[in-house]
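Visitor: Going down the list, the sequences are from chains A and B. Position 172 (the first sequence) corresponds to 181 in the numbering used here; numbering is contiguous. Position 167 (the second sequence) corresponds to 227 in the numbering used here; numbering is contiguous.
Treat the hints as calculated values from the structure; they're not laboratory data. Predicted model only: the values in this text are computed from it and were never measured. Beta carbons: idealized from backbone N, C-alpha and C, even for Gly. A few of these clues could be false.
Partial list, derived from the structure: chain A residues whose beta carbon lies under 10 Å from chain B [said to hold, decoys possible]: (1) K60; (2) C63; (3) R85; (4) W120; (5) R124.
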Amino acid sequence: MSPTAPILRVAGLGVRYGEQVALHDVSFAVDRGELIAVVGPNGAGKSTMFKAVCGLVNHSGVVEVNGVHCHDRTDRMDLAYIPQRHDNDLHFPITVGEMVLAGRRRFRRWWQRPRAADREVAAARLAKGQLGGSCDKALAELSGGELQRAYVARALAQKASVVLLDEALSGVDSPSTRELMGVFRQLAEGGTTLLVATHDLALARRSFDRCLAVNGTLRADGRPTEVLSDRVLETVFGSAGTEGVDDALAD
Amino acid sequence: MHWLTDPFQAEFMRRAFLAAIVVGAVAPVVGTWVVLRRMANLGDAMSHGTLAGVGLAYAAGIDVLFGAMGAGLVIAALLLLFSSNRRLGQETLIAVFGTAFFALGVVVISRLDTGAELTHFLFGRLLTVGWGDLWLNIGLGGGAVLVVLALFGELRLSTFDHVQAEQVGVHVELVQGILVVLLAAVTVISLRTVGTVMSVTMLVTPAATSRLFARTLARMTGWGVVLGVSEAVFGLILSYHLDAAPGATIGLVAAAVFAVTYLVTLPRRMPHHHRPLE
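Model the full assembly from the supplied sequences, consistent with the hints where possible.
Guide: Okay, structure coming up:
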């Protein structure tokens, strides 16, 4: 693989749920260290796109990670995925440390226990997310920002080159959003590629390097200022859907 | 002191005591996952549905434990087969198959002219447990515990976050299938002890009780076992003195412990004890 080859290449990606086409003909490529916002209205297919890239749903088209053509999930271990956080039971009896350690599962077989090296990596990732003192806490004891940082720590414990975050910033207050964006930026500068699905268009314009606009397919791909123009927004969100978008961007 | 020791003078009571300990120890180990995965309805349907296998095996002269296991696996397979039907939810299918198999069991047993009584299978015959049954239960129960221990990490990850589990290489559906088989195994070892109807009690109630206060999975499982064994033994002693059905008495003791624990731990679970997410 040449040094300039994209870390993630997606070509002609399509997903169907029965007769319903959720996503069709999505193609893009991303380089190492890019911080990318994925925007689109509810039901546009952002989560479906992430799941398809991770191999969690059946899809057509091509996904290549780090130059490896992906046939199944085991070919995609260099990807980490953080699903929407409301999918998880925060009262589940698992500590923050145990959850982050679970990110190391890809490095061992099902019968093997975590090794000392795995625990060291998990502890280091927690410390990086400023959660070093929260190792033995329950998830419900964390604030929204801390919880997202814990999920990010788990993803980083996977030592993946590409991290997909599905609405990681939804419902997170402004200080926590700033903290998380700081973590994302630091990771991107370290060479990790991050794709973050978000509804916060102002944040997408302000804080990301690049923006993908999705609604059934990839509607626009480029610099946030270009993608979040009135013309593109109308295509992605529809004329009725752009009400409020202008206000958000004005903010 | 005699109140505690008197019941165990007779050998059949000592066997019953051991059988109750096996169920009390094994059921919460599997039950922990049933509670966390909110599969109690499946446990209930399976415990009722195994009556069909029990009845058919009894009619055919086969050990009823094999019949129960077979029925449990058939119910699990049917649920898997129909799980792709989006019009009907899993809960609906569980109710349909559970009641259908239960009804089949009632019809088969009521047609038998061997003197077998439906209530024996529904509520167990703890005092008639033989050494053969006991060894079978120990083998099956020990196997179930070993499987849970071996798959502990996979079970934890796929229960907490099945999407992430799948993404890091856990075979989530296989883990779910194995858990259903374990569920059938617990139903089988509960059969003679507390009966088909009450088996879900030992599966769910001790684990649900420890869920109220345990912060980690290991503690939830450990406390579930402590509670399960204590409730089974105390329930058995109580049933001896009250001259009541052992299985039902054990079930009542477990429910009482749950109720007390719920009330005692209530202040801890009040909203002000959780920091707001934002």
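Visitor: Each of the hints needs a verdict: does it hold here or not?
Guide: Comparing the hints with the structure gives:
Proximity of K60(A) to chain B holds as hinted, the smallest CB-CB distance being about 8 Å (cut-off 10 Å). The interface hint given for C63(A) is met, as the beta carbon of that residue sits about 5 Å from the closest beta carbon of chain B, less than 10 Å. A distance limit of 10 Å between C-beta atoms decides the matter here; for R85(A) the minimum to chain B is near 8 Å, and the interface restraint holds. The criterion of a C-beta within 10 Å of any C-beta in chain B is met by W120(A), whose closest approach is roughly 6 Å, and the hint holds.
With its C-beta approaching chain B no nearer than about 13 Å, R124(A) sits outside the 10 Å limit, and its interface hint is violated.
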